[in-house]
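Order-wise, the sequence lines are chains A and B. The opening position of the first sequence corresponds to residue 1 in my numbering, with each subsequent residue numbered one higher. The opening position of the second sequence corresponds to residue 1001 in my numbering, with each subsequent residue numbered one higher.
No more than 16 Å apart at the CA atoms, straight line, and that leaves these computed lysine to aspartate or glutamate pairs for EDC-like:
id	chain 1	residue 1	chain 2	residue 2
1	B	Lys1289	A	Asp55
2	A	Lys133	B	Asp1246
3	A	Lys113	A	Asp288
Since the hints were made in silico from the structure, they are not lab data.
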Amino acid sequence: MNQQDLISTTAAIDPVFMLIFGICLVLLLGITVVMIAFVVRYHRSRSPQPTSQSDGNVWLETIWIVLPTLLVLAMFWYGWKEYLVLRTVPKGALAVTATARMWSWEFRYANGKTSSKLYVPVGKPVRVELVSKDVIHGFFVPAFRVKRDVVPGMSNYAWFVATNPGSYDLFCSQYCGIQHSAMVTTVEAVPEVQFTAWLNQSSSGAVGGKLDGRKLATEKGCLGCHSLDGTRKVGPTFKGLFGSKVEVMHDGKMLNIIADDAYLKESIRQPGAKIVEDYPPIMPANADLTDEQVTALIEFIKSVK
Amino acid sequence: MTSNVQRSDATRGGFWSDSGKTGLTSWIFSTDHKRIGLLYLFSTFSFFLVAVVLGLLLRIELMAPGRTIMGPQTYNAIFTVHGVMMIFLFIIPGFPGAFGNLVMPIQIGARDVFFPRLNLLSWWLYIIGAAIILTSLFTGGGPPDTGWTFYVPFSARTGTNVSLAVFGVFVVGFSSILTGLNFVTTIHRLRCEGMTWGRLPLFVWSLYATAWVQILATPILAITLVLVMAERLLGTGLFEPAQGGDPLMYQHLFWIYSHPAVYIMILPAMGVISDIIPVFSRKPIFGYKMIAFSSLAIAAFGSLVWGHHMFTSGMSDTAILVFSFLTFVVAIPSAIKVFNWISTLYKGSISLDAPMLFALSFILLFSIGGLSGLILGAAATDVHVHDTHFVVGHFHYVIFGGSGFAFFASMHYWLPKFFGRRYAEKPAVIAWVLMFTGFNVMYFTMQVLGMEGMPRRYYDYLPEFANLNLVATIGSWILVTGLVIMLVNLFRGLLWGEPFEGNPWGGATLEWSTATPPPTENFAEDPVVTHGPYDFTQQD
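Chain A extracted, bound-state conformation (with noise of 0.2 Å):
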């Protein structure tokens, strides 16, 4: 497909939406003008007895079964129509794989690069991976007029195109726990040769061949539930972790370890295996960090005083 034909999602369904509450306002207009000049014209005042005992017209009520089927036919229709506009993907689309995870969101490129922002192209269609690690999320980008369901163990995509550079809100639609409103980011649309040096920089997390840990706790979502300043979010605080003792059940036994390096990587690499005492055991495995990621966090964790 050229760039001639191509349509954007926003362009596909904001004409559905105008023919549909198009159809709307002039039933309700009807209904209500109807209704209030019947009751003021037929108010006892005016009409105090009734004039008509009819119970019914034959051909008034098919007129309005008639009526209603034909409207809402064309509506299913159109609608259904530019439905499949969203569903198929122009050729040539950018794939970016989004995992979405409580509560934040990693966008990783075709060749590894990763953000916690959406980089596209303007004019350029981006097909979006869906893959959630945890519970069901929704990808919902409101300016693109797109969303779908991130539901784990089931492989679902949305696509759409940036007619022009700016930034949309990006929302989780899908009522994921107590951060949910807080799994907010945004479509960075920018012009093609900016989105194309910025994929070539050296990945996030990298600062002169040395992985910053605490960027990468950012973006890899860690501190949507462990805060840096002691305050209780839904996981322990990184505040004076390294080195203290907690208290953790473990194979349903309590034990009272010391959070050495041994311990804080078990705990990124297999959360379930030894869960603080009052916490809840949801923290999502990483097994798509590699070890120096994981090196990398432990130092900053060992950093947070």
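Dock chain B against the given chain A, drawing on the hints supplied.
Frame of chain A; chain B shown alone:
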């Protein structure tokens, strides 16, 4: 008149005293459908009031971005409990339980329902289930935070007290099934002489359609909730992808019940409106057969549209095609009803008493709700507004503006008949004006918010949504002010108000032909019906 007012401490007469039984046990173990109806009215309406307060707290929290009065966990628990109470403890049991019980047996000329003791058991199951739900709020991991939909895998993982809460809903479900069974049997077997199917009041027709939905759909909810408990307590993994399960299967099972449940909520409301509009227009209902038939059509087709809750879930496009089509089909019988109600007004003699005001506003609010449903039924547009405040606005228009306003209409229309005293008209009208205004300010704004992309179940939101959220919150205050005035007026009026006797509104259905309040077995002698439910010519 004066002597009657002075008599206010004396017995109300009728079923309140003629059995000679008084005291609490004469109520909570009564098998009289009217006493059970009032038990349902007080218990369901109490939960309604609690849930209104919770809803008000949600709106206050959303008044401004960031934390206003509560933290996110509290917010999530409150919107869950608000939904569970409103749906499972108020509006599903409320209409059949309260007004179905109070009015239906009298309207068909029966002395009681077919299974009076089963009827009492239904109320007790409801109370036990409600008690379990209340217990779940204060024990274990605290109130559930899943939303009233209990979607897996979140509901299987959260540490809050989901298992006990869904068990409570499970028990309440049996109450609903048994009420449905009782009503179907009653309507088939206990119609008095001359009460043919073509002379049934439309409220009875709507309860009949509702009862079938209660019987056929509720068991599926019960099974689904048992599976959620099994998932949590036994780790069965039916809905857990890591164990080969499927989260979408849960959604199908849940909505196979919960969409028809919407019709349990709205069908009796439509029945009430079909009863009230002819009375206050002094004209037969327009298209009786079509209204009765459309209730059955809604019940039948409404059972086949559940998938429209799942257009963005990842369900196949073929399924979306079919469910979108069927959703539009089910819009047709609703449209027919609206046109027939309005035609009934034509050349009538319309009196705008409180029940009629609520009934007419029902038509408008239900129409707005129904029409916004077209946006949700069309696949293309649903994707944008699904899971946003548009949906929240839409179903409050249908369920609160529709069923809720019809419930208020019923309270003003029928309760004086059962209490023998009436409310004052002027405060009732003031309350109606405030409620109608506040309602639209609140929920129409929410629909606009949804169009702009604000997702639902959001504790916090971006600054661009702040102004409209403030407007919606102000709307909620106007609405609740009206609600309080209405309740105080009803409470005072029904207990100490002017006497209500005879048939002041000129209703032609059987409840207006017996004493006020009706005696224990409803009629001095079994009635014989000779004319239709909306034939007002007999009276003049």
